[in-house]
Amino acid sequence: MQDQMKQAYEKNERAIHLKLLLFVLGCLALFTFSIFYLKIDIPKFVERLGNTPDVLRRMAGIDWAIVPDLLEQTLVTIFLVVLSLTGTVILSFLLSFLAADNTAPWRWLATLIKAVITIIRAIPSLILALIIVASIGFGYTPAIIILTLVGVATLTRLFIGSIEDAGTDIIEALDATGSSWAGTIIHGVFPIVLTAFLSWFTIQIENTISLSISLGVLGIQGVGLLLSNAQMNYQFTTVTTIILYIFINMFLLEYFMQKVREKISG
Amino acid sequence: MMEQTAIFNHAVSKEKKNKRRAFVFVFLWMVVAVLGVFYLEISIPELFLAIPQFLSFFATNFFPPDFSSFLDVLDDLVQTIAFAFVAMVFSTLMSLILAMFMAKSVCPWKPVRSVVRAFVSFLRNIPTVIWGSILVYIFGIGVVPGVLALTLALTGFLTKTYADTIDELAGDSLEVMEANGATTLQKIFHGILPAFISSWVNWTLYSFEIGVRASSVLGLVGAGGIGVLIQTRINLFEYQESMALVLYIIVLVLIVDFATSAIRRRIR
Chain L
3 MQDQMKQAYE KNERAIHLKL LLFVLGCLAL FTFSIFYLKI DIPKFVERLG NTPDVLRRMA
63 GIDWAIVPDL LEQTLVTIFL VVLSLTGTVI LSFLLSFLAA DNTAPWRWLA TLIKAVITII
123 RAIPSLILAL IIVASIGFGY TPAIIILTLV GVATLTRLFI GSIEDAGTDI IEALDATGSS
183 WAGTIIHGVF PIVLTAFLSW FTIQIENTIS LSISLGVLGI QGVGLLLSNA QMNYQFTTVT
243 TIILYIFINM FLLEYFMQKV REKISG
Chain D
280 MMEQTAIFNH AVSKEKKNKR RAFVFVFLWM VVAVLGVFYL EISIPELFLA IPQFLSFFAT
340 NFFPPDFSSF LDVLDDLVQT IAFAFVAMVF STLMSLILAM FMAKSVCPWK PVRSVVRAFV
400 SFLRNIPTVI WGSILVYIFG IGVVPGVLAL TLALTGFLTK TYADTIDELA GDSLEVMEAN
460 GATTLQKIFH GILPAFISSW VNWTLYSFEI GVRASSVLGL VGAGGIGVLI QTRINLFEYQ
520 ESMALVLYII VLVLIVDFAT SAIRRRIR
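Sequence order for the protein chains is L and D. Counting the first sequence from 1 gives a position; this note's numbering is that position plus 2. Counting the second sequence from 1 gives a position; this note's numbering is that position plus 279.
These are computed hints drawn from the structure, not numbers from a lab. Mixed in with the good hints, there may be bad ones.
Covered, in the sense of this in silico footprint (three residues per stretch, anywhere, with C-beta under 8 Å from a C-beta of chain D), are these stretches of chain L [what the hints assert, rightly or not]:
| no. | stretch |
| --- | --- |
| 1 | 82–93 |
| 2 | 125–132 |
| 3 | 180–190 |
Each residue gets a CB set at the ideal place from its N, CA and C atoms; glycine is no exception.
The following block holds chain L by itself, in its conformation from the complex (with noise of 0.2 Å):
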């Protein structure tokens, strides 16, 4: 009985080894593939990457003339950041209760929700942003909007997660008692994902700053507009200046929302 055991459980093994196998066998088929189709010029990167250290030489240098604006930027990026979440953590709110499985008061009110929320998070937020921007031009205003957008599609869809995490009990126990729907969340569903909540929050904050800083390639707002402006007029010390603050800043920033994360949960 024992060896008929250990001879399933090894061809079970087997089996999944083969997958694996087949699994890697076939991303080094697409990766040879895509390797040609991209037409990857060897020589040309090459002669390219003898470049480098020339092109490092005349970027090793700090601007200090470009901090001022650095830092007005980012006072910027805080109040876009602080303005957009601000509407992206009451809307998120309301929404994910809607439409998480176990909340939800209409059945196709969430499916309605959540199939939008897909769509949305399908197209890759600078795309989304170029839309907007398209439509209704440059400015804080359209920047607000966009960061808001992105920040309700992906924290709605984090908090969507945990509610549904937190099953359904307590939802029978207070529906035993005559509990309102709103009753119910309030007292019942949201001490339990309230912990989660902070943690997406905090998530979401590093992820509205990282795309804040995109935008500025967009030419939107910013300090990535800073970085484009000093890449278009050559400016190499500028543009090592403008690096090494948005990673001090990013740094900090992780940093930071770490301890505080880990302060939420403990």
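Model the placement of chain D on the given structure of chain L, informed by the hints.
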């Protein structure tokens, strides 16, 4: 009795402290928000009107989508996937190697771990598009900077994930195996490897998804792919053509989503 009261009081005051903190936080947030409205000179009515304005412009100008350019665009679509794939393979290899130097359970030398951690953090914290524009700046426009940018960004993400997974897995199963008297080789092959592989497949497929979405955007900084096509169409006011392209991307992303879920299920 006194002890119980003390514990109870401590718990209550902790809750009060948390509530107070929450209030302070929300208050400060509101202050910043109001300051922001004034500093950025945002008009609130305009803000609320912007959404219907956007939707109506979008509905009238971007629809119906013009699919006539499909065959021309097919090349770029395939290019987008090829990009993501190449970057995924490169970054998987690099990440596996780097993760070995970053995982606490595999690499006992703290200085090495810290250096790798800092480097990987540098890769990860710079947004992909910024990487793209930096590399295009150094290497010029073309396919290679795009692939490089994607690889660097993905490596940043994957290395940390791999290292965390290795550390997580190392803890539990190793103890169990040691308790059962397994040799080191057995521990690696039957303990860590199987669990790691399924995680690895999972994260690698996810990074491919990220790669497809990022590569469509990298075109905006000249690194190739479909992003630049969309931007050009929009700049030429050819909204309906651009909408078709956006729909292609959506379909592409959804297909990749399904494919990776299917693969994930079959590997299990």
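Evaluated hints:
1. With a threshold of 8 Å between beta carbons, the proposed coverage of the stretch 82–93 of chain L by chain D holds, since 4 of its residues qualify and at least three are required.
2. Remark: the stretch 125–132 of chain L is confirmed as covered by chain D, as 6 of its residues place a Cβ nearer than 8 Å to a Cβ of that chain, reaching the required three.
3. Beta-carbon proximity to chain D at under 8 Å applies to 0 residues in the stretch 180–190 of chain L; the threshold of 3 is not reached and the given coverage is violated.
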